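As you go down the protein sequences, you meet chains L and V in turn.
Numbering follows UniProt numbering, in which position 80 of the first sequence is assigned residue number 80; successive positions increment by one, without gaps.
Numbering follows UniProt numbering, in which position 90 of the second sequence is assigned residue number 90; successive positions increment by one, without gaps.
Take these hints with a grain of salt, some might be off.
Unchecked claim - Stretch by stretch, here's where chain L covers chain V in the computed footprint (C-beta under 8 Å, at least three residues):
#1 21-29
#2 54-67
#3 70-77
To be verified - Residues from chain V that keep clear of chain L, each with C-beta distances beyond 10 Å, as calculated:
#4 12
#5 13
#6 14
#7 17
#8 83
#9 93
#10 97
If you're looking for bench data, these hints aren't it; they were derived computationally from the structure.
Predicted, not measured: the structure shown is a model, and the values here were computed from it.
No residue lacks a Cβ here, since even glycine has one placed at the ideal position from N, Cα and C.
Protein chains: 2
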Amino acid sequence: MYGLIGRIRAVAGKRAELAAILVPREGGMPGCLSYVVAEDPDDADALWVTEVWVDEAAHRASLQLPQVQAAIARGRPMIAGFDRRVVTNVLGGIGLRSR
Amino acid sequence: MYGLIGRIRAVAGKRAELAAILVPREGGMPGCLSYVVAEDPDDADALWVTEVWVDEAAHRASLQLPQVQAAIARGRPMIAGFDRRVVTNVLGGIGLRSR
Chain L
1 MYGLIGRIRA VAGKRAELAA ILVPREGGMP GCLSYVVAED PDDADALWVT
51 EVWVDEAAHR ASLQLPQVQA AIARGRPMIA GFDRRVVTNV LGGIGLRSR
Chain V
1 MYGLIGRIRA VAGKRAELAA ILVPREGGMP GCLSYVVAED PDDADALWVT
51 EVWVDEAAHR ASLQLPQVQA AIARGRPMIA GFDRRVVTNV LGGIGLRSR
């Protein structure tokens, strides 16, 4: 399984609005096993996004989905940057959607 | 919801053995909504653990569970250290177990 751990910096004051766009609804992203959006309590502009996908190809394919493209378009003006990004090899755990 | 993102360093050569202990089974940890264990592809001794709990109290309580205490006891000799730890305020997402 393909994992991503990343921190996104919102434009000042825009974190809540950006988070509302980033939090996905269940379903609709094939191969997505987990996608969690969280605030960084120590930085009022930062969000952590942790993702688990069946494989890297599933993640890449998701970026072409119409609803993801729309979310990217709406979110982009509120994103100041991506300041951490780790790719992981996910072994297992609790809360991974069944494939 | 209470989130944790952490990186654990295994004693050299012990990552796989440590990971086998850390990957939890479904059920048995009240208040645990997600618990994912992953290898860091860039560091042969590092594991990432990302967790989501109903609240901080649920996480704290889990540390007293017999099976968690047993896992800690078995894993401790294989842990060299914890080199990253971020507490987050989880907003939502995909793959969170229902409470």
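Here is how each hint holds up against the structure:
Here the stretch 21-29 of chain V counts 5 residues with a CB under 8 Å from a CB of chain L, which clears the bar of 3, and the coverage holds. Three residues within the 8 Å Cβ limit are the bar, and the stretch 54-67 of chain V against chain L gives 0, so the coverage statement is violated. With 0 residues having a Cβ less than 8 Å from any Cβ of chain L, the stretch 70-77 of chain V misses the three-residue criterion, and the hint is violated. At roughly 18 Å, the least C-beta separation between residue 12/V and chain L is larger than 10 Å, which holds for a residue marked as non-interface.
Annotated as non-interface, residue 13/V keeps its C-beta farther than 10 Å from every C-beta of chain L; the closest such distance is 17 Å. Taking the minimum C-beta to C-beta distance to chain L, about 14 Å, the non-interface status of residue 14/V holds against the 10 Å cut. The non-interface label for residue 17/V is consistent with chain L: the shortest C-beta to C-beta separation is roughly 12 Å, beyond 10 Å. The non-interface label for residue 83/V is consistent with chain L: the shortest C-beta to C-beta separation is roughly 13 Å, beyond 10 Å.
Against chain L, the non-interface label of residue 93/V is violated: not every CB pair exceeds 10 Å, the least being about 4 Å. With 10 Å as the threshold on Cβ separation, the claim that residue 97/V sits away from chain L is violated: the shortest Cβ distance comes to roughly 5 Å.
Checked against the numbered hints above, the structure breaks hints 2, 3, 9 and 10 and satisfies the rest.
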